[in-house]
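S.K.: Line order of the protein sequences matches chains A and B. Each residue of the first sequence is one higher than the one before, starting from 20 at the first, in the working numbering. Each residue of the second sequence is one higher than the one before, starting from 20 at the first, in the working numbering.
Calculated from the structure, these hints are not laboratory results. Keep in mind that a hint or two might mislead.
[What the hints assert, rightly or not] Ranges between beta-carbon positions, derived for each pair:
hint : chain 1 : residue 1 : chain 2 : residue 2 : range
1    : A       : T130      : B       : P174      : 17 to 27 Å
2    : A       : P113      : B       : K52       : 48 to 58 Å
3    : B       : Q158      : A       : Q86       : 49 to 59 Å
Since the model is a prediction, treat every value here as computed from it, not as a measurement. A virtual CB, placed ideally from N, CA and C, is assigned to each residue, including glycine.
Here's the letter readout for the chains.
Protein chains: 2
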Amino acid sequence: MQEKTNVSNSPMAVEESRPEDRSAIGEIARRVKVFTAEEERTIFELFDEYLQTPDSGYAFLSAKVAQQLVGFACWGSTPLTEGTYELYWICADPVRHRQGAGRMLFQAVETAVRSQSGRLIIIETSSAEAYLPAIRFYQRMGCRQAARIRDFYSPGEHLLIFVKYLSPSQKSQ
Amino acid sequence: MQEKTNVSNSPMAVEESRPEDRSAIGEIARRVKVFTAEEERTIFELFDEYLQTPDSGYAFLSAKVAQQLVGFACWGSTPLTEGTYELYWICADPVRHRQGAGRMLFQAVETAVRSQSGRLIIIETSSAEAYLPAIRFYQRMGCRQAARIRDFYSPGEHLLIFVKYLSPSQKSQ
Numbered sequence: 020m021q022e023k024t025n026v027s028n029s030p031m032a033v034e035e036s037r038p039e040d041r042s043a044i045g046e047i048a049r050r051v052k053v054f055t056a057e058e059e060r061t062i063f064e065l066f067d068e069y070l071q072t073p074d075s076g077y078a079f080l081s082a083k084v085a086q087q088l089v090g091f092a093c094w095g096s097t098p099l100t101e102g103t104y105e106l107y108w109i110c111a112d113p114v115r116h117r118q119g120a121g122r123m124l125f126q127a128v129e130t131a132v133r134s135q136s137g138r139l140i141i142i143e144t145s146s147a148e149a150y151l152p153a154i155r156f157y158q159r160m161g162c163r164q165a166a167r168i169r170d171f172y173s174p175g176e177h178l179l180i181f182v183k184y185l186s187p188s189q190k191s192q
Numbered sequence: 020m021q022e023k024t025n026v027s028n029s030p031m032a033v034e035e036s037r038p039e040d041r042s043a044i045g046e047i048a049r050r051v052k053v054f055t056a057e058e059e060r061t062i063f064e065l066f067d068e069y070l071q072t073p074d075s076g077y078a079f080l081s082a083k084v085a086q087q088l089v090g091f092a093c094w095g096s097t098p099l100t101e102g103t104y105e106l107y108w109i110c111a112d113p114v115r116h117r118q119g120a121g122r123m124l125f126q127a128v129e130t131a132v133r134s135q136s137g138r139l140i141i142i143e144t145s146s147a148e149a150y151l152p153a154i155r156f157y158q159r160m161g162c163r164q165a166a167r168i169r170d171f172y173s174p175g176e177h178l179l180i181f182v183k184y185l186s187p188s189q190k191s192q
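Hey, can you work out the whole structure from these sequences and the hints?
M.R.: Following this line, the structure appears as structure tokens:
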């Protein structure tokens, strides 16, 4: 376990995802065990769009410890809005939960959105029990549930929309 | 005005949009005067995707009277859902308002969604005053507002989400 110990002691860094992160992103997506096969394919599709098309609207961030991927986030500007951004996925490797990858990725997305004069981060998630830890995480990150669309994903599985307002208008809520 | 009179007396029909409808779709989108230039470009982009890529996820319907376009609708299945469909745009030529093109298009979308075992139609629209007639139209079509995301489009312009449940689970609302 020498290698793992070394990895744990190294500092965590968040950077723009690189082509070589692709397979590790897929592995983490599988390990979190909440995504369907179709959702896993979608993550790869968006990652390839991100790599190939500079204005694809999708951006990926990788959290790494000693060059090993420990989490990733996918976000982008919401078309036809001024200053609204969407956080599509944020995943920390389950074997490294509670080591801060999720928080570091969320903060990096928030910083990137602010740097583009973003006002609002939107997160769409599911009411399914498997997403409860994610929902609690969004709440810890300062997001609040703004909407619920019943039976959106499938009968009994609702869409929940979380929001985080970044601009001073946050105070007027 | 002979031609126009003939047109008015002809029955209205809704059919899958054809390549030759492209410019008339653009003209109607401009005449309704609610779309930004970016939104108009998006309508063309989706129309071209619809024509070129059979599994693009976008479908267009044209309402015609005597072969003249009097309205159009764009709809499609919502990715990563089972049975949820989105009505992206529905536009009737303003010079023909109150002649039933909107209702006929909405009913055609609903029929198409039902034929694909769709359960739920989602419509995202803006709280801007220009969309009030559209909102009243959705309500007349049996849709109800299920969510409101403040400042989504821009500061002061909110996202409203309308829903129409098509399955028997509608009764449990």
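S.K.: Identify every previously stated hint that the structure contradicts and give their numbers, smallest first.
M.R.: Every hint satisfied by this model.
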